[in-house]
Amino acid sequence: MLRFLTYRLAHSLLLLFLVSVIGFMILHLAPGGPLSQFALSPGMSQAELEKIAERMGLNRPLPVQYLDWAARFVTADWGESFRDGRAVLDIIFGHLFATLLLILTSTILSVGLGTLVGVLGAMRRYSAYDYLATVGAMVALSIPTFWFGLVAIYVFSLRLGWLPSGNMYTIGDESFLDYAEHLIMPSVVLALVQVAIWSRYMRSSILDVVGQDFVRTARAKGLTRRRVLYVHILRNALIPMITLTGIQLPTLLSGALVTETVFTWPGIGRLFLDSLGYNDYPVVMGVLMFTAMFVLLGNLIADLLVAGVDPRVRLE
Amino acid sequence: MTIRNTNRMNRRTLLRTGAAGMTLLMSNAAVGRLAAQEASGQVVIGFSQEPTVMHPHMPHIEVDEGIHFNLFDPLFIVDTEGNFQPSLAREVPTVENGGISEDGLNWRVKLRDDVTWHDGEPFTAEDVKFTIELNQNPDFNAMRRNGHELVRNIRIVNDHELTWEMAEPFAPYPAILSWTFIVPAHALADAENPNQTDFRSNPIGTGPFSFGERVAGNYILLNANKDYFGEGPHLEQAIFRYIPDMTVLYTQFRTGDIDVIGLQGIQPDRYEQAQQIPDREIVIAPSSAVESITFNMGNPLFQDPEVRRALSLALDRETIVEALYYGIPEKTESFLPRESYYYNEKLPEAEFDPEKAAQVLDEAGWLPGADGVREKDGVRLAFKNSTTAGNNVREQAQQLIQETYASIGVEMEISNLPPAVMWGEYWMMSQFDSVMVGITFTTGPDPDVSNYLHSSSISAQGGAGQNTWQYENERVDELLEQGGRMFVPEKRKEVYDEIQRLVHEDMPFLPMFQYANLRGHKTGLEGFDPNVNVRIETWNLNEWRWA
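As given, the protein sequences belong to chains A and B, one line each in that order. Residue numbers for the first sequence follow my numbering, so the first one is 363 and each next one is one higher. Residue numbers for the second sequence follow my numbering, so the first one is 202 and each next one is one higher.
Worth double-checking, as some hints may not be accurate.
Between beta-carbon pairs, the in silico distance windows are [stated by the list, open to error]:
#1 R422/A - R686/B: 39 to 49 Å
#2 L451/A - V574/B: 48 to 58 Å
#3 R309/B - E412/A: 17 to 27 Å
#4 R309/B - A415/A: 52 to 62 Å
#5 T448/B - T613/A: 20 to 30 Å
#6 R422/A - N338/B: 18 to 28 Å
#7 E393/B - F459/A: 26 to 36 Å
#8 F455/A - E699/B: 52 to 62 Å
#9 E699/B - W509/A: 50 to 60 Å
Example chain A residues on the side facing chain B (calculated, C-beta under 10 Å, incomplete) [what the hints assert, rightly or not]:
#10 P393
#11 S398
#12 A401
#13 I414
#14 G456
#15 I515
#16 Y516
#17 P526
#18 D570
#19 Q574
#20 F576
#21 R588
#22 V624
#23 T626
#24 G639
It is worth saying that the hints were derived from the structure and are not from the lab. C-beta: ideal position from N, C-alpha, C; glycine also.
For reference, chain A alone in the conformation it holds in the complex:
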């Protein structure tokens, strides 16, 4: 166990190092930079821009800039935003709650619904319902989240007026119900694709398990259909789903990026897009590293959980 953890830690650190180098290079080698946004302001000149660049330390050689950044990074000083001068970690934590709230809600929604749809599909394989679920999943997977979000806003906010068209809460309200009301559309939209993925995986995972010997044995013992399903099939079929959750994290995060834009949800995804747009290097690097850590940690937890619940898996 300890060996496994040490190995995974070393592995993760190497990955993080590579992510930081590649991220830093792509960011800085892309032509243009954080100063071009000031270029068209009245009275601006190249000389003035160069002075600003110098004060921001942008005219130093790239390796020096990277080492400087990395040295600060390991001491938990992730630098300051070029825009508002706030500490990058503060900014990230300021946006974290919104993203976690959205991701958690939509994961609960999609896991619950996806499992249900998948189980029903597997139990009634090749039935009309199963075909419907399959087609439904394909459709959901092919609808762009952005489009679906806009249609949802059009129908439920503009036409029906049932739900707020965006934002996380009403300024000055901020009650639980207020949050809930704002959460419905973005989390459902984000969950839609996830439900499709989950139900497909769940269906095939159950079909895998159904054909196995212990299920036949259980049936032969004369257990009820229900008991076989819940105790023997479902429990085993859910194990791969834990791993899937870990693997799905990046997809979920990128989905959140789009959803956050459509519903003006002030989360990490939006922060990343904005910072990228303004070439706010410290924040972009910070979010990149943070999400990398988040995904690595998520996968580690998933692996540990699988090892915990599945006696066939040994951590070496």
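Knowing the structure of chain A, use the given hints to seat chain B on it.
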């Protein structure tokens, strides 16, 4: 966010907003409109860019100024007509009233004595001195030093009067001062590092609104400054919502989630539909930016005046404005905005005549080659045109121009770049062939355009400025220098009329139209009055009120 009931508040907000919140609560509790008589209600403004820079003198973009105008005051502001109106200064210094000496070298400014900062400290001449000196401080990451660099010997006469000298007469300085927001010396002077101060997240100003809170990526809340010395504010609170997607911004305007659709407003193709939304008023806000096709005169191709003339003749401005921009902006011949006092109305209107363009090129010796593209002395009449990638309307305009140019044997290749690349060295150091760009040439209401047209402003040749088309005309240089030292508008106008005429003749760029932006607000909001001389429509929030 939905503002269903502006009076609904929780305890946290109440504590945060303090007394302001108290009056709101009282009016809610049907106690009646006691102290809230003057300031009541709130306005929610939607911006598609996020204001992040609260320090008005650090590098920022136009959307940040939408906040600065309400937190801070300059010595005097510029109104919609282009006239200066006193703000922190008791009167606008002019040659006439003795505020500026005949030669433009000595300034005397008298300040109001009834102004306090949001933290209660009195506003004095010390603050003005500090603000100008901050912009001269080499350690400070100043956005622009232009003009401030010339100020010498700032002398405080008394708490409410100061004088200074200018190293040389500089006519645009009043315009620069009109957007130089005065910042408090008492909060900033002691900072060890002027770039890292608490002020950046907790700004203190003298303006009609004080800083409430900023939730990054979400909104900024401003509270009415009850002690404001000027008009208003009539609103209790102002909320600036950040809504990054243009479609979502427009949708939230339709649903009523936002009261005002600000920068970057409504896209032209939605103009007709927007006018049908009940209880909304759509406003065409003039902008001082002029859209043009610019040529890089560093490219030998464009040094031939006949080529530039032909390209102008083959430029279908009318179709671009009418078909692509839905007739919202107006065609223009000058780089100065139509609203400017200095705008030259006598410039001849550019014609659209491709046949004549072909003839001009024939006569100049540019003859069709084997592939149909004209050439002269082995040089093909082919060039690239670049603009910001992703701007659909501009891309359509490029295609239209490309087609007409092709019909007269000119090859224009479209080569668009992402904004961060486009406006970097590619633009500043004149690395382009030609560009489609919207530029505000003026310095606020001031007609000085040396930064764009003087031969010493060519960055690619070691100059300091944005003469990126590398335009050189000795006569224009002389006139620019002359006009930059003149303080009497009537006489200055003659100089700038002549500059506009010469540039129109030389055609280093082909002006197409002056921008007009679509903004909108809920019916019943009064005081919304876009100002062509500033960069943002929330410049006068103190005058806004609900009918």
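So, going through the hints one by one against the coordinates:
For R422/A and R686/B, the hinted distance range of 39 to 49 Å is satisfied, since their beta carbons lie about 40 Å from each other. The hinted range of 48 to 58 Å is satisfied by L451/A and V574/B, whose Cβ atoms lie roughly 57 Å apart. Between R309/B and E412/A the Cβ separation comes to about 35 Å, which falls outside the hinted range of 17 to 27 Å. Distance hint for R309/B and A415/A: a CB-CB separation of about 37 Å, inconsistent with the stated range 52 to 62 Å.
T448/B and T613/A have their C-beta atoms about 24 Å apart, which keeps the hinted 20 to 30 Å range intact. As the Cβ distance of R422/A to N338/B is approximately 22 Å, the hint placing it in 18 to 28 Å holds. The hinted window of 26 to 36 Å between E393/B and F459/A holds, with their beta carbons roughly 33 Å apart. Roughly 59 Å separates the CB atoms of F455/A and E699/B, a value that falls within the hinted 52 to 62 Å.
Take E699/B and W509/A: their Cβ atoms lie about 55 Å apart, and the range 50 to 60 Å holds. Restraint check, P393/A versus chain B: the minimum CB separation of about 4 Å is within 10 Å; hint holds. The closest approach between the C-beta of S398/A and any C-beta of chain B is roughly 4 Å, which is under the 10 Å cut-off, so the hint is satisfied. A distance limit of 10 Å between C-beta atoms decides the matter here; for A401/A the minimum to chain B is near 4 Å, and the interface restraint holds.
With a least beta-carbon distance of about 6 Å to chain B, the hint placing I414/A at the interface is held under the 10 Å criterion. The criterion of a C-beta within 10 Å of any C-beta in chain B is met by G456/A, whose closest approach is roughly 5 Å, and the hint holds. The beta carbon of I515/A comes within 6 Å of a beta carbon in chain B, closer than 10 Å, and the hint placing it at the interface holds. Because the closest C-beta pair between Y516/A and chain B is about 7 Å apart, less than 10 Å, the hint holds.
Of the supplied interface hints, the one on P526/A holds, with its beta-carbon coming within about 4 Å of a beta-carbon of chain B, less than 10 Å. Among the interface hints, the one on D570/A is violated; its C-beta lies about 42 Å from the nearest C-beta in chain B, farther than the 10 Å criterion. This hint is violated: Q574/A has a C-beta 49 Å from the nearest C-beta of chain B, more than the 10 Å allowed. With 10 Å as the threshold, the beta carbon of F576/A stays out of range of chain B, its nearest partner Cβ sitting at about 51 Å, so the hint is violated.
The criterion of a C-beta within 10 Å of any C-beta in chain B is not met by R588/A, whose closest approach is roughly 45 Å, and the hint is violated. A cut of 10 Å between beta carbons decides the hint on V624/A: the least distance to chain B is about 6 Å, and the hint holds. Against a cut-off of 10 Å between C-beta atoms, the interface hint on T626/A holds, since the closest Cβ of chain B lies about 5 Å away. Taken as an interface hint, G639/A checks out: its beta carbon lies about 8 Å from the nearest beta carbon of chain B, inside 10 Å.
In this structure, the earlier hints numbered 3, 4, 18, 19, 20 and 21 are contradicted, and the remaining ones agree with it.
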